[in-house]
Amino acid sequence: MENTKKPALAETPAALKLPRAKKRRMKPFDYINYILLGLFAFLCAFPVAYVILLSISSRADYLNAKLLVLPFEPHIDAYKFIFQQGKVGQAFGISIFITVVYVLYATVLTSLGAYAFTKKNVPGLKIIFTFIVATMFFSGGLIPFYMTTGSIIGTNNLAVLIIPFGISSFNMIVLRNFFKQVPDSLIESCKLDGASEFRILIQFIMPLSKAGIATIMLFYTVSKWDDWYWPSLFLTKSRDLHPLALRLRDTVLLSISDPLSQEHTVNMQNLFGQGRNAAMIVVTIIPILAIYPFLQKYFTKGVMIGSVKQ
Amino acid sequence: MSVKTKPAPPKSARKSLTLHRVRMNWQIYVMLIPVVAFYIVFSYVPMTGIVLAWKRFLAPKGIFGSPWAEWANFREFFSSPSVTRVIRNTVVLSLIKLVIKFPAPIIMAILLNEVVHRRYKKGVQTIVYLPHFISWIIFGSIIQMLLNNDDGVINNIVAALGGSRHPFLSDPNWFYPVLLISELIKDVGWGTIIYLAAIAGVDQGQYEAAKIDGAKRFQCIRHITIPSILPTIVILLILEIGNIMNANFGSIYSLYNANVYSVADVIDTFVYRVGMGGGDRAPRYELATAVGLFKNVINVFLLVSGNLIIKKITGYSMYVLD
Numbered sequence: 001m002e003n004t005k006k007p008a009l010a011e012t013p014a015a016l017k018l019p020r021a022k023k024r025r026m027k028p029f030d031y032i033n034y035i036l037l038g039l040f041a042f043l044c045a046f047p048v049a050y051v052i053l054l055s056i057s058s059r060a061d062y063l064n065a066k067l068l069v070l071p072f073e074p075h076i077d078a079y080k081f082i083f084q085q086g087k088v089g090q091a092f093g094i095s096i097f098i099t100v101v102y103v104l105y106a107t108v109l110t111s112l113g114a115y116a117f118t119k120k121n122v123p124g125l126k127i128i129f130t131f132i133v134a135t136m137f138f139s140g141g142l143i144p145f146y147m148t149t150g151s152i153i154g155t156n157n158l159a160v161l162i163i164p165f166g167i168s169s170f171n172m173i174v175l176r177n178f179f180k181q182v183p184d185s186l187i188e189s190c191k192l193d194g195a196s197e198f199r200i201l202i203q204f205i206m207p208l209s210k211a212g213i214a215t216i217m218l219f220y221t222v223s224k225w226d227d228w229y230w231p232s233l234f235l236t237k238s239r240d241l242h243p244l245a246l247r248l249r250d251t252v253l254l255s256i257s258d259p260l261s262q263e264h265t266v267n268m269q270n271l272f273g274q275g276r277n278a279a280m281i282v283v284t285i286i287p288i289l290a291i292y293p294f295l296q297k298y299f300t301k302g303v304m305i306g307s308v309k310q
Numbered sequence: 001m002s003v004k005t006k007p008a009p010p011k012s013a014r015k016s017l018t019l020h021r022v023r024m025n026w027q028i029y030v031m032l033i034p035v036v037a038f039y040i041v042f043s044y045v046p047m048t049g050i051v052l053a054w055k056r057f058l059a060p061k062g063i064f065g066s067p068w069a070e071w072a073n074f075r076e077f078f079s080s081p082s083v084t085r086v087i088r089n090t091v092v093l094s095l096i097k098l099v100i101k102f103p104a105p106i107i108m109a110i111l112l113n114e115v116v117h118r119r120y121k122k123g124v125q126t127i128v129y130l131p132h133f134i135s136w137i138i139f140g141s142i143i144q145m146l147l148n149n150d151d152g153v154i155n156n157i158v159a160a161l162g163g164s165r166h167p168f169l170s171d172p173n174w175f176y177p178v179l180l181i182s183e184l185i186k187d188v189g190w191g192t193i194i195y196l197a198a199i200a201g202v203d204q205g206q207y208e209a210a211k212i213d214g215a216k217r218f219q220c221i222r223h224i225t226i227p228s229i230l231p232t233i234v235i236l237l238i239l240e241i242g243n244i245m246n247a248n249f250g251s252i253y254s255l256y257n258a259n260v261y262s263v264a265d266v267i268d269t270f271v272y273r274v275g276m277g278g279g280d281r282a283p284r285y286e287l288a289t290a291v292g293l294f295k296n297v298i299n300v301f302l303l304v305s306g307n308l309i310i311k312k313i314t315g316y317s318m319y320v321l322d
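Chains as they are written, first to last, in my numbering: chain A, 1 to 310; chain B, 1 to 322.
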């Protein structure tokens with residue numbers, strides 16, 4: 001196709017005017033547009049870049065800075081300090097644990113629902129779906145949810161941060177739209193071969209919907225990793241179980257800190273309050289920054305397909 | 001399917017058809033058991049806790065054993081000095097957002113769509129989606145650092161330009177601009193995805209045909225791009241209207257402080273503070289429940305009526321509501 005098209009384009013002047021994406025001449029509007037978008041991207045990247053720079057700067061860099069703190073003497077003392085003093089390592093481990101268990105649990109539960117709701121001609125399915133959609137708009141509210149789940153599962157444990165959040169209805173609908181893309185004929189032929197619905201879901205539908213699964217896993221990961229709200233409500237009496245996000249809120253936003261212990265190997269001369277806070281922030285975003293580039297192509301596609309009304 | 005097209009089968013036949021379908025799909029029902037159980041236990045059981053709004057909560061007796069208080073909790077909220085403040089702040093913030101934050105991703109998606117260099121577009125997208133994945137507590141903390149009176153970059157720049165340092169976050173006049181700009185940076189990029197998806201569905205032939213007919217770029221945007229994303233805009237607008245009583249808790253909580261409560265305290269932050277207690281105040285579960293319920297009922301009302309009105313005007317509506 002490409003080869004046959006090119007000479008034709010070169011020969012007919014009328015065809016040259018067709019808007020060939022790469023050949024289009026840049027107009028003043030384009031320059032303004034590019035600059036505006038670039039500026040906005042800079043604003044989005046700046047806060048993250050800023051804390052990273054701040055976290056590796058020394059106190060001297062900080063005190064000498066006129067506009068922006070730049071790490072002329074980079075070091076990682078702030079990181080050493082927060083890991084030795086702030087129980088950050090422990091909180092990091094708890095966050096990883098909660099997030100991994102939660103994402104697996106939520107993905108399984110969401111997939112079951114998403115697959116069931118792709119079916120037609122199943123009596124009662126529509127009513128159930130309506131009742132589920134209704135919960136997206138009306139809920140018991142913060143306190144009734146907190147009290148009933150607290151009395152069912154108990155508080156001050158990690159299970160209460162995981163079990164009650166198994167399905168986000170929005171994610172389930174996104175995944176359902178994905179599953180719907182698998183042709184019915186494929187499912188029918190699997191059934192003729194004697195495959196059960198569970199096998200069809202696990203061996204065919206889920207592998208064929210990788211982008212969808214990756215998308216909702218990313219959403220669940222971020223929601224749990226970033227969650228300080230529910231831990232702040234459910235873990236009032238067990239500070240040792242606090243995940244990283246909550247510890248971050250306590251240290252950075254509320255300035256609550258643990259008493260200093262004598263055992264550390266950090267050159268305190270290098271430290272300053274903002275640098276320590278910045279280090280803590282960086283530790284919290286690094287896992288997200290690490291998975292983000294790998295999942296980007298999936299979630300872009302995932303949101304696109306998932307949001308299409310079927 | 002073939003059975004369905006036959007003219008109304010007799011009742012007994014329909015019954016046996018339903019039974020047959022139930023039996024054929026027993027595995028689907030098994031799959032639904034955990035899902036339905038989840039929703040019953042963690043969505044519908046908590047809804048019964050709403051009765052707390054009409055009770056005087058006594059911890060040892062639990063929600064259902066506590067004595068009734070009729071409308072006392074609602075009366076307490078509506079006669080408290082905070083009520084006008086939190087309702088006004090919530091509505092004002094939501095309206096500001098509706099006017100400024102809602103159109104922003106639409107404009108940005110259209111601008112992105114006009115970018116001819118693929119790489120530039122991809123690069124911008126990669127960067128502007130990122131803040132969505134950083135939680136408000138982190139993003140808010142960074143904004144606080146940037147605006148810090150003594151060492152924040154913004155104040156450093158102000159000082160370098162000869163201005164005097166200003167405590168932006170403690171100044172009620174500056175709270176809305178700061179909040180709005182933070183929210184724009186964090187959410188606008190992500191918001192473009194859904195519009196870009198709608199634009200991607202447009203037949204490129206339409207643009208080419210329009211160009212051959214001599215249409216200018218802005219005419220293409222106006223007559224092709226915008227109509228193609230109109231249904232998406234309408235649905236998101238309806239959802240936004242149903243959200244008027246929810247100002248963004250995350251952003252406000254991570255940026256506000258007692259100095260700016262007069263403009264920043266909204267229903268959700270009020271419920272969180274009242275419900276959790278803190279300081280010398282005991283948690284007031286029943287009051288928080290009543291306020292939460294009041295908010296939720298208004299939201300549902302706005303959602304449904306917004307859907308009706310917009311359907312009348314544009315012909316589009318949210319399918320889950322019809």
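If you're looking for bench data, these hints aren't it; they were derived computationally from the structure.
Worth double-checking, as some hints may not be accurate.
To be verified - Computed list of lysine-lysine pairs in DSSO-like fashion (alpha-carbon distance at most 27 Å, straight line):
#, chain 1, residue 1, chain 2, residue 2
1, B, Lys-61, A, Lys-27
2, A, Lys-180, A, Lys-126
3, A, Lys-119, B, Lys-15
4, B, Lys-122, A, Lys-27
5, A, Lys-119, B, Lys-11
6, A, Lys-126, B, Lys-101
7, B, Lys-11, A, Lys-301
8, A, Lys-126, A, Lys-191
9, B, Lys-311, B, Lys-101
10, B, Lys-101, A, Lys-297
11, A, Lys-119, A, Lys-27
12, A, Lys-120, B, Lys-61
13, A, Lys-191, A, Lys-119
14, A, Lys-301, A, Lys-210
15, A, Lys-27, B, Lys-216
16, A, Lys-191, A, Lys-180
17, A, Lys-301, B, Lys-61
18, B, Lys-15, A, Lys-301
19, A, Lys-27, B, Lys-121
20, B, Lys-15, B, Lys-122
21, B, Lys-101, B, Lys-121
22, B, Lys-61, A, Lys-297
23, B, Lys-122, A, Lys-126
24, B, Lys-121, A, Lys-237
25, B, Lys-122, A, Lys-210
Tested hints:
A hinted pair counts as satisfied when its Cα atoms are at most 27 Å apart, and B/Lys-61 with A/Lys-27 does not qualify at roughly 73 Å. At roughly 16 Å between alpha-carbon atoms, A/Lys-180 and A/Lys-126 fall within 27 Å of each other, so this suggested pair holds. For the hint linking A/Lys-119 to B/Lys-15, the alpha-carbon distance of about 20 Å falls within 27 Å, and the restraint holds. A hinted pair counts as satisfied when its Cα atoms are at most 27 Å apart, and B/Lys-122 with A/Lys-27 qualifies at roughly 20 Å.
Between A/Lys-119 and B/Lys-11 the CA atoms are separated by roughly 24 Å; this keeps the pair inside 27 Å, and the hint holds. For the proposed pair A/Lys-126 and B/Lys-101, the alpha carbon gap of about 35 Å is over 27 Å, so the pair is violated. Note on B/Lys-11 and A/Lys-301: the hinted pairing is violated, with a Cα-Cα distance of about 46 Å set against a maximum of 27 Å. Taking the CA atoms of A/Lys-126 and A/Lys-191, the gap is about 23 Å. The hint holds against a cut of 27 Å.
For the hint pairing B/Lys-311 with B/Lys-101, the CA-to-CA distance comes to about 23 Å; that is within 27 Å, so the pair holds. At most 27 Å may separate the alpha-carbon atoms for a hinted pair to count; B/Lys-101 and A/Lys-297 meet this at roughly 26 Å. Proximity of A/Lys-119 to A/Lys-27 is assessed by CA-CA distance (about 51 Å); at most 27 Å being required, the pair is judged violated. Restraint check for A/Lys-120 and B/Lys-61: not satisfied, since their Cα atoms lie roughly 46 Å apart, outside the 27 Å limit.
A hinted pair counts as satisfied when its Cα atoms are at most 27 Å apart, and A/Lys-191 with A/Lys-119 qualifies at roughly 14 Å. Annotation: proposed proximity of A/Lys-301 to A/Lys-210 holds, straight-line Cα distance about 11 Å (limit 27 Å). Among the hinted pairs, A/Lys-27 with B/Lys-216 is consistent with the structure: their alpha-carbon atoms are about 12 Å apart, no more than 27 Å. Only pairs whose Cα atoms come within 27 Å are accepted, and A/Lys-191 paired with A/Lys-180 is accepted, the gap being roughly 17 Å.
Taking the CA atoms of A/Lys-301 and B/Lys-61, the gap is near 51 Å; set against the 27 Å cutoff, the hint is violated. Taken as a hint, the B/Lys-15 and A/Lys-301 pair is broken in the structure, with Cα atoms around 43 Å apart against an allowance of 27 Å. Only pairs whose Cα atoms come within 27 Å are accepted, and A/Lys-27 paired with B/Lys-121 is accepted, the gap being roughly 17 Å. With a C-alpha separation of about 56 Å, the suggested pair B/Lys-15 and B/Lys-122 falls outside the 27 Å cut-off, and the hint is violated.
For the given pair, B/Lys-101 sits about 22 Å from B/Lys-121 by alpha-carbon distance, which is consistent with the 27 Å threshold. Proximity of B/Lys-61 to A/Lys-297 is assessed by CA-CA distance (about 53 Å); at most 27 Å being required, the pair is judged violated. Using a Cα cut-off of 27 Å, the hinted pair B/Lys-122 and A/Lys-126 is violated, with the two alpha carbons roughly 40 Å apart. For the suggested pair B/Lys-121 and A/Lys-237, the alpha carbons sit about 49 Å apart, so the restraint of at most 27 Å is broken.
In summary, the hint linking B/Lys-122 to A/Lys-210 is supported, as the alpha carbons are separated by about 22 Å, within the 27 Å threshold.
Comparing the model with each numbered hint stated earlier shows that hints 1, 6, 7, 11, 12, 17, 18, 20, 22, 23 and 24 do not hold.
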